[in-house]
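> Whole structure, please, built from the sequences with the hints as guidance.
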Amino acid sequence: MLMHPRLRLTWYRTRTGLVGAIMVAALSACDLPFGLGLPTTRSLESGATGTLVAADSFEITGSYTEGSTPWSIDLQLTRPAAEHVTVMSADAKLEAIILGSNAYFRGQQFLSAHMGSDLVARSFVKAAGNGWWKGAAGHVPQLTELTDGNAFRSTFLGQAVTQRTDHVSVDGIDAVRLSGARGDVFITAQAPYRVLRVRLKHGVVLDGIRDADLRFVNYNSDFRIAAPADVIDFSNLSTLPPIYTVVSVDTSGCARPCAVSALLKNLGGLLHAQGPSTVTFTMTDTASRQTLGSCKAQVVPDVPYNGTTTVSCSIDNVASQQSTAATVTATPDNPGRG
Numbered sequence: 001m002l003m004h005p006r007l008r009l010t011w012y013r014t015r016t017g018l019v020g021a022i023m024v025a026a027l028s029a030c031d032l033p034f035g036l037g038l039p040t041t042r043s044l045e046s047g048a049t050g051t052l053v054a055a056d057s058f059e060i061t062g063s064y065t066e067g068s069t070p071w072s073i074d075l076q077l078t079r080p081a082a083e084h085v086t087v088m089s090a091d092a093k094l095e096a097i098i099l100g101s102n103a104y105f106r107g108q109q110f111l112s113a114h115m116g117s118d119l120v121a122r123s124f125v126k127a128a129g130n131g132w133w134k135g136a137a138g139h140v141p142q143l144t145e146l147t148d149g150n151a152f153r154s155t156f157l158g159q160a161v162t163q164r165t166d167h168v169s170v171d172g173i174d175a176v177r178l179s180g181a182r183g184d185v186f187i188t189a190q191a192p193y194r195v196l197r198v199r200l201k202h203g204v205v206l207d208g209i210r211d212a213d214l215r216f217v218n219y220n221s222d223f224r225i226a227a228p229a230d231v232i233d234f235s236n237l238s239t240l241p242p243i244y245t246v247v248s249v250d251t252s253g254c255a256r257p258c259a260v261s262a263l264l265k266n267l268g269g270l271l272h273a274q275g276p277s278t279v280t281f282t283m284t285d286t287a288s289r290q291t292l293g294s295c296k297a298q299v300v301p302d303v304p305y306n307g308t309t310t311v312s313c314s315i316d317n318v319a320s321q322q323s324t325a326a327t328v329t330a331t332p333d334n335p336g337r338g
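In my numbering, the protein residues as written are 1 to 338.
Calculated directly from the structure, the hints in this document are not laboratory data.
Heads up, the beta-carbon is just placed ideally off N, CA and C, and yes, glycines get one too.
Be aware that a few hints might be false.
Unchecked claim - Straight-line Cα separation of at most 27 angstroms, BS3-like style, residue types lysine-lysine; simulated pairs:
(1) LYS126 <-> LYS265
(2) LYS93 <-> LYS134
(3) LYS93 <-> LYS201
(4) LYS126 <-> LYS296
(5) LYS296 <-> LYS265
What the hints assert, rightly or not - Estimated spans, in silico, between C-beta atoms of each pair:
(6) SER63 <-> TYR219: 14 to 22 angstroms
(7) GLN159 <-> GLY203: 15 to 23 angstroms
(8) MET88 <-> VAL303: 35 to 43 angstroms
(9) ASN130 <-> SER63: 19 to 27 angstroms
(10) THR327 <-> GLY67: 39 to 47 angstroms
(11) THR40 <-> VAL217: 19 to 27 angstroms
(12) PHE234 <-> GLY149: 51 to 59 angstroms
(13) VAL53 <-> VAL303: 51 to 59 angstroms
(14) THR61 <-> HIS202: 18 to 26 angstroms
(15) THR61 <-> THR291: 48 to 56 angstroms
(16) ASP316 <-> ALA121: 33 to 41 angstroms
Below is the structure:
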């Protein structure tokens with residue numbers, strides 16, 4: 001078929017443009033040879049280090065094992081010196097806020113496991129409840145090799161890298177995996193090349209933890225980390241809720257009914273508790289160990305730290321001959337923070 005020269009030129013240009021578009025689409029759908037179009041390993045490492053160093057804040061979530069106990073962790077870090085971390089195991093939870101040299105903790109199971117077994121220590125645990133208490137910042141793991149950019153590079157990058165894998169997905173984000181003897185580091189495939197994930201190799205212990213699989217998220221977010229209110233300071237027991245102990249029991253007024261009283265001392269303070277403390281008086285037959293009766297009294301009003309007070313009540317339906325052969329005990333119950 002004959003074609004006018006101008007039509008032939010137009011058709012040629014159209015076909016050339018179409019072929020070019022197809023070639024561009026085909027090339028964009030696959031990697032260029034020799035790694036062309038992919039970020040260099042040096043760029044990835046520099047970006048990962050730089051973003052960790054420069055970030056005002058970021059969050060690390062995931063799991064690890066310490067000793068023989070698996071833990072989950074959620075760590076929010078705001079520079080220069082603020083952290084909010086929550087760690088959980090199957091039977092314990094600990095939350096901590098670190099502001100410079102000050103540290104605040106919350107977690108009744110954790111506190112209970114690290115206090116003594118005597119009655120006073122148990123009273124302190126119950127009084128603290130699920131409230132915040134003040135502790136030493138040194139008790140919080142620093143995880144420096146995971147949070148400090150330069151330490152991170154020395155641990156995982158540079159000469160530590162032995163293998164690179166491109167186009168790995170981390171939570172739907174295209175990433176590059178840099179692997180070495182200590183672990184796998186997943187970095188975004190696009191600038192600024194942030195760290196997305198760190199997975200320690202089995203058997204590697206880092207900052208006291210092992211078998212860690214951690215996500216790095218929420219770069220440069222405002223976590224609003226602040227000191228909690230109503231903090232308990234175990235070095236200053238007046239910051240505790242009331243903790244009453246029994247100094248003595250008086251049964252001199254025991255007739256019918258049997259009036260009993262107890263002198264109490266507050267080892268704690270006046271911090272608000274979930275309810276008033278109470279004292280239960282129990283009369284027990286000395287020979288048979290059978291309970292003959294009981295009564296309960298509230299401690300109202302509270303007295304300050306080291307203060308004393310007296311509570312009393314009457315045990316009904318107790319014969320005088322029974323009371324002379326019986327023992328009366330007083331047991332305090334301090335509800336604490338709850």
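> Each hint should be assessed against the structure and marked as holding or not.
Outcome of the hint check:
1. With a C-alpha separation of about 17 angstroms, the suggested pairing of LYS126 with LYS265 holds against the 27 angstroms cut-off.
2. Taken as a hint, the LYS93 and LYS134 pair is honoured in the structure, with Cα atoms around 16 angstroms apart against an allowance of 27 angstroms.
3. Note on LYS93 and LYS201: the hinted pairing holds, with a Cα-Cα distance of about 26 angstroms set against a maximum of 27 angstroms.
4. With a C-alpha separation of about 20 angstroms, the suggested pairing of LYS126 with LYS296 holds against the 27 angstroms cut-off.
5. Proposed proximity of LYS296 and LYS265 is supported: the alpha carbons are some 17 angstroms apart, at most 27 angstroms.
6. Separated by about 21 angstroms at the C-beta atoms, SER63 and TYR219 satisfy the suggested range of 14 to 22 angstroms.
7. At roughly 20 angstroms, the beta-carbon separation of GLN159 and GLY203 lies within the given 15 to 23 angstroms, and the hint holds.
8. In this structure, MET88 and VAL303 meet the distance hint of 35 to 43 angstroms, their C-beta atoms being roughly 38 angstroms apart.
9. Distance hint check for ASN130 and SER63: the Cβ-Cβ separation is about 24 angstroms, which falls inside the suggested range of 19 to 27 angstroms.
10. Judged by the Cβ atoms, the range 39 to 47 angstroms given for THR327 and GLY67 holds: they are separated by roughly 46 angstroms.
11. Between THR40 and VAL217 the Cβ separation comes to about 25 angstroms, which falls inside the hinted range of 19 to 27 angstroms.
12. Here the CB-CB span from PHE234 to GLY149 is close to 36 angstroms, at odds with the stated 51 to 59 angstroms.
13. Look at VAL53 against VAL303: about 54 angstroms separates their beta carbons, and that is inside 51 to 59 angstroms.
14. For THR61 and HIS202, the hinted distance range of 18 to 26 angstroms is satisfied, since their beta carbons lie about 21 angstroms from each other.
15. Between THR61 and THR291 the beta carbons are some 53 angstroms apart, a value that agrees with the proposed interval 48 to 56 angstroms.
16. Look at ASP316 against ALA121: about 35 angstroms separates their beta carbons, and that is inside 33 to 41 angstroms.
In this structure, only the earlier hint numbered 12 is contradicted, and the remaining ones agree with it.
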